[in-house]
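A.B. asks: Please model the entire structure based on the sequences and the hints provided.
As you go down the protein sequences, you meet chains A and B in turn.
Position 194 of the first sequence, counted from 1, bears residue number 193 in numbering that gives the first Met the number 0, the numbering being contiguous throughout.
Position 54 of the second sequence, counted from 1, bears residue number 53 in numbering that gives the first Met the number 0, the numbering being contiguous throughout.
What you were told as hints is all true, and nothing was included just to trick you.
Below, computed lysine-lysine pairings styled on DSSO-like, alpha-carbon distance capped at 27 Å:
no.	chain 1	residue 1	chain 2	residue 2
1	A	Lys309	A	Lys340
2	B	Lys86	A	Lys283
3	A	Lys340	A	Lys283
4	B	Lys86	A	Lys166
5	A	Lys163	B	Lys86
With the Cβ distance kept under 8 Å, some of the chain A side facing chain B (calculated, not the full set):
no.	residue
6	Val86
7	Asn87
8	Val272
Simulated from the structure, these hints should not be mistaken for laboratory data.
Predicted, not measured: the structure shown is a model, and the values here were computed from it.
Using N, Cα and C, we set each Cβ at its ideal position, and we do this for glycine too.
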Amino acid sequence: MTDWQLAFWTILAGALCNVSCALLGSYLVLRRLSLLGDAISHAVLPGIVLAFLLRGRIEPLSLFLGALVFGVLTAFLAQTLQTFGRVNEDASLGVVFTSLFAVGVLLLTGFVKVDLDVNCVFAGVLDTVALDTGRVGGIEVPRVLLTLVPALVLTLLFVLLFWKELKIVSFDPALATALGINATLLHYLLMALVAAVTVASFEAVGSILVVAMLIVPAATAHLLTDRLGWMLVLAALLGVLCAVFGYEGSRLLNTSAAGMMAVTAGGFFALAVFLAPRHGVVSKLLHRLALSARIAREDVLAALYRREEKEGSAELSGSSCLRLAGRDLTGLLGFLSLRWKGLIESGTQGYQLTPAGRGAAQLLVRAHRLWEAYLGEHFELPLDHLHEPAERLEHFLDPALQDQLAAELHQPVHDPHGRDIPPPPPGRK
Amino acid sequence: MIAYNTLIVLLGTGLLGATSGLVGTFAVLRRRALTGDALAHAALPGLCVAFLVVGERSLPALLLGAFISGVLGVSVLAALARWTRIKEDAALGIVLSVFFGAGMVLSRIIQNQATGGSKAGLDSYILGKTAGMLAQDVYLVGGVGLGCLLLIALLYKELRLVAFDPAFARGGGWPVLLLDLLLMALMAVIVVVGLPAVGVVLMAALLILPPVTARLWTERLSPMLLLSAALGLAVGVIGTLLSAHFSKMPAGPIIVLVGTTFFLTSLLVAPRRGILARAIARGRFRRKLASQSFLRAALALAGDDNDPVALPLLQRQVRGPIRATAQRLARQGLLEVVDDEHYRLTEQGREQAVQATRQQRLWQFYLQEYPDVASASVDLDTETLALRVPAALLAELEAKLDAVSTSLAPAVHRLSAQGGVTVAQETHA
Chain A
0 MTDWQLAFWT ILAGALCNVS CALLGSYLVL RRLSLLGDAI SHAVLPGIVL AFLLRGRIEP
60 LSLFLGALVF GVLTAFLAQT LQTFGRVNED ASLGVVFTSL FAVGVLLLTG FVKVDLDVNC
120 VFAGVLDTVA LDTGRVGGIE VPRVLLTLVP ALVLTLLFVL LFWKELKIVS FDPALATALG
180 INATLLHYLL MALVAAVTVA SFEAVGSILV VAMLIVPAAT AHLLTDRLGW MLVLAALLGV
240 LCAVFGYEGS RLLNTSAAGM MAVTAGGFFA LAVFLAPRHG VVSKLLHRLA LSARIAREDV
300 LAALYRREEK EGSAELSGSS CLRLAGRDLT GLLGFLSLRW KGLIESGTQG YQLTPAGRGA
360 AQLLVRAHRL WEAYLGEHFE LPLDHLHEPA ERLEHFLDPA LQDQLAAELH QPVHDPHGRD
420 IPPPPPGRK
Chain B
0 MIAYNTLIVL LGTGLLGATS GLVGTFAVLR RRALTGDALA HAALPGLCVA FLVVGERSLP
60 ALLLGAFISG VLGVSVLAAL ARWTRIKEDA ALGIVLSVFF GAGMVLSRII QNQATGGSKA
120 GLDSYILGKT AGMLAQDVYL VGGVGLGCLL LIALLYKELR LVAFDPAFAR GGGWPVLLLD
180 LLLMALMAVI VVVGLPAVGV VLMAALLILP PVTARLWTER LSPMLLLSAA LGLAVGVIGT
240 LLSAHFSKMP AGPIIVLVGT TFFLTSLLVA PRRGILARAI ARGRFRRKLA SQSFLRAALA
300 LAGDDNDPVA LPLLQRQVRG PIRATAQRLA RQGLLEVVDD EHYRLTEQGR EQAVQATRQQ
360 RLWQFYLQEY PDVASASVDL DTETLALRVP AALLAELEAK LDAVSTSLAP AVHRLSAQGG
420 VTVAQETHA
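C.D. replies: Okay, here's the thing in C-alpha cells:
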C-alpha cells in the first residue's frame with residue numbers, strides 16, 4: 000500500500016467515526032448529557048468482553064449487541080440510582096461507569112487469553128487500521144470501514160427520521176411530552192446509538208477519544224451558531240477537519256493519530272472560544288468595550304447640553320470632559336470618539352458641542368427627562384430618586400420608545416423637577 | 000504472617016483510600032464528583048512533559064508535572080463554565096478528552112525517543128500497578144493524607160459552609176472561589192499520588208464511592224467524613240488482600256468492585272435512605288392512611304348509636320385493602336368483630352376516629368382559608384398539620400372549626416390570655 004493510499008484510508012476511517020460522533024454529540028451537548036456519553040464509552044467495555052467470551056472470537060455484530068446492552072444499561076442504572084438511591088447525577092454516573100469499567104477490566108485480564116489490549120481500547124490503533132484490509136466487491140478496503148460505514152448510516156437515519164422529535168426534546172422536554180412524543184424512548188434510542196458508535200469507533204480511536212469526538216466538535220459548533228441544523232453541519236465538518244489535520248499532524252510529529260485528532264479538536268475549540276462571532280470571548284469583550292465607550296461619550300454630551308441650557312453657551316476643558324467620561328480606558332475611548340464623530344469641537348477655552356453633537360445630546364436629555372416624568376407619574380417615587388435610574392436608562396431609549404413614552408404621558412413639556420423636556424431634534428423621527 | 004511487600008501495599012492502598020474518602024466527601028457534597036475523573040485524565044500530559052524535560056523517571060518531577068497539568072485542566076474547566084456558554088458537563092468532557100489526547104500524543108513521542116526500556120508507561124497509568132508500590136510511595140501517601148487531614152481540620156467550618164450552601168457563603172463574604180480551588184488542589188494531589196497505584200478510571204472511583212456510601216448512612220458532615228475515610232481504608236485493604244489471593248487479577252478493579260459492593264449493600268440496608276428502609280416507611284405510611292380513612296368512614300356510618308358497619312359500604316372511602324385494614328384495626332383493639340362482614344368501633348376506636356375526622360377537617364379548613372400556602376403541603380399526612388403551621392394559626396383554625404361543628408371533640412390547642420398557646424390535653428394515644 001502506498002503512502003497516499005494509507006493516508007486516504009486512515010483519514011476516511013477517522014472522518015467517518017468523527018462525523019457519527021459529532022452528530023450524536025450535538026444532541027448530548029444540547030441536552031447536557033455529555034457526561035453520559037463519557038460514561039457509556041467506558042461502560043461498554045464489559046459488554047464487548049462478554050460478547051467476545053461468548054462467541055470466542057471478535058465478531059462485529061455480537062460486539063455491537065454487547066455494547067448496546069451495556070450502553071443502555073449504564074443510562075438506565077444511572078437514572079435508577081438517581082431516583083431510587085437519591086444520589087446526585089454526577090455521583091451516580093461516576094459510580095456506575097467506574098464499576099462497570101472495573102468489571103470489564105477484570106473480565107479482560109482474567110479470562111481473555113488473546114491480545115485484546117487495554118491500551119488499544121483506550122488509545123485506539125488508528126495508525127494501523129488501514130493495513131488490516133478485506134475485500135468488498137473486488138476492492139480492497141480496511142476492515143474497520145465495515146463497521147464505521149453502517150454506524151454512520153444508522154446515525155444519519157436516526158437524525159433524519161427523528162429530526163423534529165429530537166429537536167423538541169433537546170430544547171423543551173416538557174413540551175415534547177405534552178405533544179405526545181415519547182421522550183424516554185427517544186432518550187434510550189440516543190443512548191443505544193451512542194453505545195453503537197462508541198464500539199464502532201473503539202478500534203479506530205479508542206474510548207477516551209470517542210469522548211473527545213462526541214463532545215468537542217459539538218461544543219465548538221454550539222459556540223459558532225444558534226441554529227440546530229447549522230450546528231450539526233458544522234460539528235460534522237469539524238469532525239472531518241479534525242481527521243485531516245490530526246492525521247497530518249501525527250505524521251509530522253511521528254505520534255498517535257487518534258491523540259492528534261483530539262488535540263486538533265481541542266485547538267478548534269480554543270479558537271472558537273476566543274473568536275466565535277457572537278459567543279466568543281473576544282467579541283463579547285469588544286461589545287462591552289463599545290458599550291462602555293458609548294455610555295462615556297453620551298455622558299459628556301449630556302453634561303455639555305445641560306450647561307448650555309443653563310448658561311447659554313458652554314465649554315468644557317479636556318480634563319473635565321475626561322473626568323465626566325470616567326478616568327479609564329473606555330472613558331478615554333469615548334472622549335476620543337466624540338471628536339472623531341464630529342460631535343464636539345475646540346472652542347476658545349475648551350470643547351463645545353457641534354450642531355450634530357447638540358442634536359445627539361438633545362435626544363439624550365429628552366430620553367432622561369421623559370423617563371423621569373414616567374417614573375414620577377407611574378411609580379410615585381420621591382423627586383430625589385428619579386435621576387439615578389434615568390441616568391442609567393437614557394442610553395437605551397431609542398427615539399421610537401421616546402415617542403411612545405411621550406404619547407403615554409400626553410406630550411409633557413416639563414419633567415418632575417420642572418425642567419424643559421427638549422423636543423426631538425429636527426430631521427430625526 | 001504477612002510478607003513485607005504485601006504489608007507495604009496494604010498500607011499504601013489503605014491510606015490512599017482513607018485520604019480520598021476524606022477529600023471526596025467534599026467533592027461529592029459540592030456536586031463535583033466527576034472532577035476527580037477529569038483531574039486524573041488531565042494529569043497525563045504534565046506527566047509526559049515532566050518526563051521529556053527531566054529525561055528520566057524522577058518521581059518529584061513527574062508528580063509536579065502531573066499536579067500542574069491537573070490543576071490547569073480544572074482551571075480551564077472552571078473558566079469555560081464561567082465565561083462561555085459551554086455548560087459544566089460539556090466542559091468536563093472537553094478537558095478530560097483533549098488533555099488525555101495531548102497526553103497520548105506526548106507519550107507516543109516519548110516511546111519513539113526511548114532507546115532502552117525507559118517508557119513512561121501508559122499502560123500502568125491507565126490500570127495502575129498496585130503491586131509495584133514501594134516504601135517511599137507509602138510515606139508519600141501518608142504525608143499527603145496527613146496534610147489533607149490537617150487542612151480539613153483547620154478549614155472545617157469554611158469547607159462545610161461552601162459544601163452545603165455556596166450561595167450563602169458567597170453572600171457572607173467567604174472566599175468561595177479560593178476554597179473551591181483549595182479543594183481541587185487537594186484532589187489533584189491525591190489523584191497524582193494515587194494514579195501509579197490504581198490507575199486513571201479507578202482513581203475517580205476511589206474519590207466517589209466511599210463518600211456516596213457514607214452519605215447513605217448519615218446526614219451529618221463529621222460522621223460522614225469519618226465513615227467515608229473508614230470505608231476508603233476498608234475498601235483499599237480488603238481489595239488488596241483479595242487481589243493478593245487471586246494473583247492474576249489487577250488490584251485496581253478489585254478495589255473498585257469492593258467499593259461498589261459496599262455501596263450496593265448500603266443502598267439496600269442503610270437506615271433512612273436505604274431502599275429497604277424507605278420501602279418499610281412507605282408501607283407503614285400507606286397502612287396509616289388506610290386505618291385513618293377506615294376509622295373516619297366507619298364513624299360517619301356508625302352514627303351516635305354506634306351501629307356495626309358493613310365492609311362493602313366502606314369500600315369507596317378506604318384507601319388500600321379494606322379487609323386487611325379492618326383485621327389490623329381489630330387486632331389493635333379499635334374495632335370489634337361482629338361477623339365476617341361487620342365490625343363495630345370500640346370506645347377507643349371511636350375516640351381515634353373522632354380525632355382523625357377532626358384532623359382531616361382542620362386540613363380542609365386550612366386549605367380553604369389559606370389556599371396559596373396550604374396547597375404546597377396538600378398530600379402530606381393529616382396528623383402533621385400541627386407540625387406544619389404555627390401554633391397560633393392552629394389555634395385559630397381549631398376555634399373556627401368548633402364554631403361550625405359541635406359534634407366533634409373540643410379543641411386541644413387554646414389561645415391563653417398571654418397570647419401563648421397551651422395544649423389542653425394529650426390526644427395521641
